[in-house]
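Participant: The residues making up each chain are set out below.
Protein chains: 4
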Amino acid sequence: MDIRKVIEKIYNEVKPMFGRGKVADYIPALAEVNPRQYGIAVASIDGESFGLGDCRTKFSIQSISKVFTLAMVMRHLGEELWESVGREPSGTPFNSLVQLEYEHGIPRNPFINAGALVVTDRLMNLYERPKDSILQFIRENADCDDIYFDRNIARSELETSSRNMALGYFMKSFGNIDHDMDKLIDVYCNQCSVAMTCEELAKSFLFLANHGENPFTGERILSVSKAKRLNSLMLTCGFYDESGDFAFRVGLPGKSGVGGGVVAIIPGKLSIAVWSPELDSHGNSCMGIETLERFTTDIGTSIF
Amino acid sequence: MDIRKVIEKIYNEVKPMFGRGKVADYIPALAEVNPRQYGIAVASIDGESFGLGDCRTKFSIQSISKVFTLAMVMRHLGEELWESVGREPSGTPFNSLVQLEYEHGIPRNPFINAGALVVTDRLMNLYERPKDSILQFIRENADCDDIYFDRNIARSELETSSRNMALGYFMKSFGNIDHDMDKLIDVYCNQCSVAMTCEELAKSFLFLANHGENPFTGERILSVSKAKRLNSLMLTCGFYDESGDFAFRVGLPGKSGVGGGVVAIIPGKLSIAVWSPELDSHGNSCMGIETLERFTTDIGTSIF
Amino acid sequence: MDIRKVIEKIYNEVKPMFGRGKVADYIPALAEVNPRQYGIAVASIDGESFGLGDCRTKFSIQSISKVFTLAMVMRHLGEELWESVGREPSGTPFNSLVQLEYEHGIPRNPFINAGALVVTDRLMNLYERPKDSILQFIRENADCDDIYFDRNIARSELETSSRNMALGYFMKSFGNIDHDMDKLIDVYCNQCSVAMTCEELAKSFLFLANHGENPFTGERILSVSKAKRLNSLMLTCGFYDESGDFAFRVGLPGKSGVGGGVVAIIPGKLSIAVWSPELDSHGNSCMGIETLERFTTDIGTSIF
Amino acid sequence: MDIRKVIEKIYNEVKPMFGRGKVADYIPALAEVNPRQYGIAVASIDGESFGLGDCRTKFSIQSISKVFTLAMVMRHLGEELWESVGREPSGTPFNSLVQLEYEHGIPRNPFINAGALVVTDRLMNLYERPKDSILQFIRENADCDDIYFDRNIARSELETSSRNMALGYFMKSFGNIDHDMDKLIDVYCNQCSVAMTCEELAKSFLFLANHGENPFTGERILSVSKAKRLNSLMLTCGFYDESGDFAFRVGLPGKSGVGGGVVAIIPGKLSIAVWSPELDSHGNSCMGIETLERFTTDIGTSIF
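Residue numbers (our numbering), protein chains in the order written: chain A, 1 to 304; chain B, 1 to 304; chain C, 1 to 304; chain D, 1 to 304.
Hints may be right or wrong, so weigh each one.
Note: identical chains are not told apart, hence a pair may lie in one copy or across any two.
As the list claims (entries may be wrong) - In silico DSBU-like links for lysine-lysine, alpha-carbon gap of 30 Å or less:
id, residue 1, residue 2
1, LYS269, LYS226
2, LYS15, LYS226
3, LYS15, LYS269
4, LYS226, LYS5
5, LYS15, LYS131
Don't read these hints as lab results, they were simulated from the structure.
Use the sequences and the hints to build the structure in full.
Facilitator: Given below as structure tokens:
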């Protein structure tokens, strides 16, 4: 089957679907994005890649950054990481504060905000200049140097970070945050502000499709076992409260962000990134999810 | 790779691990089971099968029956089913009552008790003699007539069904249960009491490994799409509160029961059933989980 | 100060306020009541009494019955009662199920439904013919034989008792309900259906204003200490989620029911019953609460 | 009845009860207090006062300060205050975060930490130099200038304020905190650190026993209605999770602090302060509660 043709067909079917969702408005800088944008990029582990539509426009990757920071921390830490952050879907449409309270400051998984804060806190133990290291990690895996923090977005996030500050201080009261909250929130808001294109994003996830090895450089980023586990976490927890539904409808490990990006992998084969800023009520890109559901249906495969 | 040899090796490695868990004691009839039993059976979609240890001893499949009733209901109902039961992991170590309250009587997924009660309630709309139909469905898929309700277990469950009665009445107060609670609980306790062996259980799950088609008879049980979706649900919700952890460590769709049974599938290939009555703190068979984790590690594959 | 004049003034001020709330509609038999009714009755411990408006019309006392059953049980049990039911306000606008789950089947206080079910369950241990005994207790304290169960209301309650059945079975699963749920719910629905007038209700609460002694017969119903404690419970828990607000605005121990009745006492002096079927969003009689707030303001006293 | 004799009798009965509780250890500075201290002071609105035991030893009033700040804010604000803080008992043994989440950042009442933070935040709007004004208010009502912030305690609180920071940021994310969290927490930790003796404390609460008027100066602190309402709040919410139980056993409006202080009033008559640092599992002084329970029993009165 010619994947390029499948993608072109889906692109043309989905493109008329603008207007079903709303651009994220929790920070001003995100709310200003033109909603009617749509791009797709595919990268395969044997080196091929192509894109369609707005696949070369930078957007804010937001929560997708949590995959990079988790990989950076899993690389260095073993089972001890999982004593301070769980591996279970969060299961609550509310926020994670209720669950944090019941579970004594241990967040359910590394992809809810509380869990991502713990991961970044650990990253700050492991890397001397955490912000530089994050950018470097993403650049190397995307095989691209033109990836940066969007200072406008980062500042906007910082100004509206009360809830994340609450999460952080709450975990700190249970002893599960080591660093000063002001420093931690600075790294965290910056990682969320990373600007990338679909093409760069698809490439940067290839090491997860390739069992932990960067297919460009041959460098091993994660062991086979750790890559498998990170993929499993994306499947069960990568799409907020809609994770179960995403696994049910799409059946691929992936991660979304409120900037409208969605990225998923087919283990042993390829990664695919979609971007469209209109979000559904769960904070996932409407057209991104639609694209991926059609993709797995059309190529007749999912991991199940 | 010779799967039989892999299984033999694992069987010998895991067999000395008795004593790590406790037999279910919430009903007297289950508490009487000899804990030191351990069996494995594998069945492939091309007709091969083999077993080891106590693979021909009957045990109570308990919650594994929820997969059969769900398949029976999904067969007849489309999207309307998912308006009365969710597809998200439950995410709470407590019980599902809290979540039921927040979500107005809609259980999170069909594998928590509340969800399974809704599924059985719908099954009673679809099948005139529901208990007979359940047995018949399992017998056909297991290619075996010697499968029955354990009346002793069923009676014992009925006598200790207060919590399930509470769940049922609570959902009824939201209009999400149609049938008389006494009749519903009778069907439900019987389905949980079904007695099977590992060999029978492995065979009976082959239709899910075979994309919805019974490989013995060629009968289509579920459409390809529905089979994929049921498998996705098993992966994300099949192991109680430990589902995320199971996906993380094993990476296969599967289902466990407090009788000590665990069954999992490799899509397109095979199904594997393990039984050992000693349970971990989450209610999953210790040696069952251990066996499956080693199995996916040794054969170098999971769905991720 | 002439209390009768104060009451007449308030009656005339409040009477034009019809139309602010809604009659209870959770059971058909209650929904049929004419909303534009309003009665007040006052009874003092020295034997005086008077009434205004619809003070001689029977209405369903509903949750006010919980005070009678609690008094009947407190009379016979000491501290052991408080091991199976708490004395703290429930503090949740939802239902009591969430709290029941966290607190292992011990309801927060005897005036939430779960707590009242436990109290009635204990009453069934103490009195051989519980329904007869409840009627007798109320008749004696109201000094009136024409008090009965409204069979129409009781039947209607029984038919819509799923949520109370859920509460009961849930507590039974924790071992906190002794009796068969069907028998318990029958007694409970009957006690809620008791029909009384404001005049009868005011009289029947005099023993609580009179430190536990029936002022007509001189019979001691409760010890001074137990009467004080029951009054304290009414103040802190008697008005559903609005209890704190009621204490804040009115400052008297009292109890309301969804039939539109409200009764309160001034310790050492009098009891006052108001009835008007229109309820606020918390299930308390709008004009009943309004009347009591004006009453304590005008006579310049509350217990604070 | 001679109240002094009653108090002397109780003092002698309760004094041998050391060893039933534990000194607060959540901040180092509190943990260092000698647990075997016990003092009582009574002040009546007609000017009499006396004390026993350690009634002239300074201790940290902690949460009792919430009554002073609330009075300072109620003095200036009307109903608008109650839009941002509730008047219902909190009803949860956990912390208030769960409830805050359900109720969109509106704390249940002004005596849980979240509510007290809102009150102090408002106080910072009303008083230009909030810390000075707090001290001045307490000094005037206690008729004593030797009342100050314990800098050692205040610093210790600040260093362990993660949970309060979490509460504050969380409410800020709902728009219910106006001030910078660092400034707010500084005022809050200082108010909790106020050091007073039982004698001073008893005097400083006389305006609440005296319907809002300072009996020494004749100055009206609160209107009669507001004083009644503040008293009602103390009764229903003043003793943490044990408030209902306290109302049940003691029946007086009062407030406790984890420094071991307890203060209560008999409206129209007197105020009584007890101090003993050993706390029960709810954070209330064991001997303080015991003293007050015996006091209302012996003088044969409570407000009920």
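Participant: Could you work out which of the previously given hints the structure breaks and list their numbers from low to high?
Facilitator: Number 5 only.
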